[in-house]
Amino acid sequence: MQEIKREILINKAKDLLADGTVDRVLGWKAGEFDYDVTPAVFNSADEIEGDFVWNGFCGANFSKYLVKETLKGDGKVLVFLKPCDTYSFNQLLTEHRFDREKVYAVGVPCNGMVDVNKIKEETDSVVSIDFDGGNTVVHTLYDGDLSLPTEKLLSERCVNCKSKKHVAYDELLGEDGEVCDSGRFDEVARLEKMTPDERFEFWQNELSRCIRCNACRDVCPACTCEKCVFDNPESPVENKAPANSFEEKMFHIIRAFHVVGRCTDCGECSRVCPQHIPLHLLNRKFIKDIDELYGEYQAGSVLGNRAPIVDYKLDDAEPSEAVERGDENA
Amino acid sequence: MRKISLDKLNQLFSKIAETQTLYMPVDTKTGARYEKWEEGKELSDALNTVRSAKDFFFPQTENLMDFKMEGKNIEIIDTRNEAEDFVIFGVRACDVKSFEILDRVFLADPADSYYENRRNHGTIVSMACTRPVETCFCQTFDIDAASPEGDVVCHKTDDALYLEAKSDKGEALLNSLNDVTEDTDGSAVDEQVKTVHERMSRLPLASLSADAFGADKTKEFFDRPEWAELSQSCLGCGTCTFVCPTCQCYDIKDFNTGHGVKRFRCWDSCMYSNFTKMSAGQPRLTQVERFRQRFMHKLVYYPTNNDGLFSCVGCGRCLSKCPIQMNIVKVMKKLGGKSND
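If you read the protein sequences in the order shown, they are chains C and V. Quick note on this note's numbering: the first sequence kicks off at 1 and runs consecutively. Quick note on this note's numbering: the second sequence kicks off at 1001 and runs consecutively.
Mixed in with the good hints there might be a few duds.
Here are the simulated DSS-like pairs of lysine-lysine, each with C-alpha atoms no more than 27 Å apart in a straight line [as the list claims (entries may be wrong)]: (1) V/Lys-1219 <-> V/Lys-1334; (2) C/Lys-249 <-> V/Lys-1262; (3) C/Lys-227 <-> V/Lys-1277; (4) C/Lys-102 <-> C/Lys-68; (5) V/Lys-1166 <-> V/Lys-1015; (6) V/Lys-1330 <-> C/Lys-118; (7) C/Lys-72 <-> V/Lys-1334; (8) C/Lys-285 <-> C/Lys-313; (9) V/Lys-1330 <-> C/Lys-14; (10) C/Lys-68 <-> V/Lys-1334; (11) V/Lys-1036 <-> C/Lys-249; (12) C/Lys-285 <-> C/Lys-152; (13) C/Lys-120 <-> V/Lys-1333; (14) C/Lys-249 <-> V/Lys-1029; (15) C/Lys-120 <-> V/Lys-1156; (16) C/Lys-102 <-> C/Lys-164; (17) V/Lys-1029 <-> C/Lys-120; (18) V/Lys-1330 <-> C/Lys-68; (19) V/Lys-1253 <-> C/Lys-249; (20) V/Lys-1253 <-> C/Lys-227; (21) C/Lys-14 <-> V/Lys-1334; (22) C/Lys-118 <-> V/Lys-1029.
Think of the hints as simulated: they come from the structure by calculation, not from any bench. Computed from a predicted model, the values in this text were never measured in an experiment.
Assemble the whole structure, with the sequences as input and the hints as a guide.
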C-alpha cells in the first residue's frame, strides 16, 4: 500500500551504515502476524535485511525515542520519519529535547496507516496480511481470505491526515506531498454543538473506560517531562488508579492542558489507548480554539516557532472572548 | 449434564438473577465487557472481554478502610460491604485459570480477607471457546479452551447451551435452574470439543512451548543479554499489566481527608518507574530491569514458588493491546521457547 518500497528504505539504511553516516537505525521490526510491528534499533545490515519492515502497520512515531536514543554514544542514529512524525520531531527540537547533530532524518512518504482494529471488526482472526494494490488481503482462520479496500481500514488520524508534507529531514525518499485540507475538526465541531450536559455525558462515557495505564502519556511526544506530576509521590495528584470518576477526567484534562500549543495532533494517544478512548479530540479542541482565537497555528510546522499560548501580541484575544464563546456554546 | 435452548437463555439469566447478582460479557462499540445483567442485555459471543475477569475479585481500586480521628482517638472503620452472592457467567478457560493463579497469592496464609470474601461469594460459570484466534496460546500452559474449569462449565452450540456442574457451588446453582433446563447426554458437547481441539492444533501459536522456562531457572535467564533488545522500545506504561488476568501487584496509599484517613488499594505495575518506591528509591533503575521483572515473574519466579505453575494463561490480551507490540510470546521465542514440531 505504500508507494515507497521496503527495499528503498533498507538500501538507504544499509548505505548510511556502510559509509559511517550513522551507526544504528531506528526502524520498524517484524512481528508474528504482520500487524504487530515493534519499534526497534537495528545495528547491522544483517539485522535490517532480516527484520526491518515497511508496510501499512508502521504507525509508531519515532520522534520521542530520539530523546533517549541520542543520549547513547557519540554516533548518529538514522530515523525514518513519516510526514506527521516530522512535526513532532520539529516540536521536540524546538523544546531542545534532543541533539539534532546526533540524528540523520530520512523522510518517507506515507499513504496512511491501517488500524488493525478496523480489520478485526470484519473478522475475528488475522493470521497474516498482504497489501495488493488498493486492497488489504487478510488471511483468517475461519473466514477464508478477505480482500478489503485499504481506504476503509485507515486509522482515524490518517483518514483525517493533516499533512503529507515533511517539515524536517536531512534527506527525502520519493516525492514530498502537501499540507492536507482535512476534516479533522469536524468531530470537535459536532461536540461543540452539544449542550454542556450532552458533552459531559459524552466524555463521562468515554473516560469512564480509562484504566490509567498511562500509555497515552507515555507514547506522547509532547510528554517528555523527566518526572511526570502524576508519578511523583511528592505531588498531591500522584495516583496509580482513579478512586472515582472525577479523577479519570482530571488526569486527561490536565494532560490536554499541559500539551496545549505543543501537541502536533500526531494521534499516538488514541492509537495506543487499549480502551479506544478518542483522546485526540481533547487536543484537537485546543488546537481549534487556538486557530480561532489567535490565528492558524500548527505546532511543529516551523522549527523554533513560539506557540500563541506562550507568546504575547498586542492584538491577542482577551479572556472575555473565551467567556463569550462559552456562552454561545452553552 | 443440563441443557437449555438458546432462545430461552433469557429465562435462564432471569432465574439466576432472582437470587444472585449476575454478571456477563456484553458487546459494546469498544469491545466486550462484563456488565450486570438485566432484562434486555445479551450475552456477548466475543472470544474475550477487553478487561479480564480478575476485576471481580481484585478490583482496580478499593477502599480498604477508613480512620476517623477525634482528639487522641483513632476509630477504624471497616468499609467492606460485599456480602451478596454473585455469578460470573461466560468466563473463558484462560480467565478461569487465572483465578487459581491469583488464589495462590491472595489466599496463601495469611489470606487477603478482601479477596477471599469476594471469592467465597462468587460462582464461576465458564464458557468453552469455539473460535480461538491467532493471539491465543492457552495450550502452551496446558489450558484446554474447549473444556474450561469452573463451578459450572458451559458449552454453546448453534442451538443450545449445555451446562455441567463441577463443584458443590456449581451443583447448587444448577439445581436452582432445574425448572428452565432439561437433562441431556453429552454427545453434542463431545462433538464440539473435538472440532475445537482440531482448531486449536492449527493456531499460529499452537507450537509455542514454555518448556525452557519454569521453576529454578533464575540464573539461566536473569542475565541474558537479549533483555536489552526486547525492552528497548518499551514505553513503561501499564497496559500489559492492567489487561493481564494474572498480574496481581498493588499499591496501598493513605489519603488525608482532613479529619481522618482513607486507605486505598489500587493496581500497580512493575513497568512503572515509581513501582515499589521506598526510601532508597526504586530497586529496578531502568526499563530493562522492570521489563525483565514482569516476564521473569510469569515464567520463572512464580513457577519457582508455586510448584512449577506458570503465571501466564495465554489469553493474548497483551498481544493485542501493547502500544509497541512487544509481548510474552516474543519474549519466550527470543529466550528459548522452543517449538514442539
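| Pair hint outcome, C/Lys-249 versus V/Lys-1262 [Cα-Cα no greater than 27 Å] | The given pair, whose Cα atoms are some 21 Å apart, holds under the 27 Å limit.
| said: Can you confirm whether the C-alpha distance between V/Lys-1330 and C/Lys-68 stays at or below 27 Å? | reply: Within the cut-off at roughly 23 Å; holds.
| said: For a C-alpha distance cap of 27 Å, please report whether C/Lys-72 and V/Lys-1334 respect it. | reply: With a Cα-Cα distance of about 24 Å, the restraint between C/Lys-72 and V/Lys-1334 holds, given a limit of 27 Å.
| request: Starting from V/Lys-1253, check that the Cα of C/Lys-227 is at most 27 Å away, please. | output: holds (20 Å)
| 27 Å Cα cutoff - pair C/Lys-120, V/Lys-1333 | It holds: about 25 Å lies between the C-alpha atoms, which stays within 27 Å.
| request: Given the hint that V/Lys-1029 pairs with C/Lys-120, test it: the Cα-Cα distance must not exceed 27 Å. | output: holds (12 Å)
| Is the hinted pair V/Lys-1219 and V/Lys-1334 satisfied, with a Cα-Cα distance of at most 27 Å? | Holds, at roughly 17 Å.
| Pairwise hint evaluation, C/Lys-118 against V/Lys-1330, where the allowed Cα distance is 27 Å at most | Status holds; Cα separation ~24 Å.
| Hint consistency between C/Lys-285 and C/Lys-152 [alpha-carbon to alpha-carbon, up to 27 Å] | holds (25 Å)
| Regarding the pair V/Lys-1166 and V/Lys-1015, is the alpha-carbon distance no greater than 27 Å? | Roughly 20 Å separates the two Cα atoms, so the pair holds.
| Quick one, are V/Lys-1036 and C/Lys-249 close enough, alpha carbons at most 27 Å? | Answer holds: V/Lys-1036 to C/Lys-249 is near 24 Å, not above 27 Å.
| query | Are the Cα atoms of C/Lys-227 and V/Lys-1277 separated by 27 Å or less? | reply | holds (14 Å)
The earlier numbered hints are all upheld by this structure, with none contradicted.
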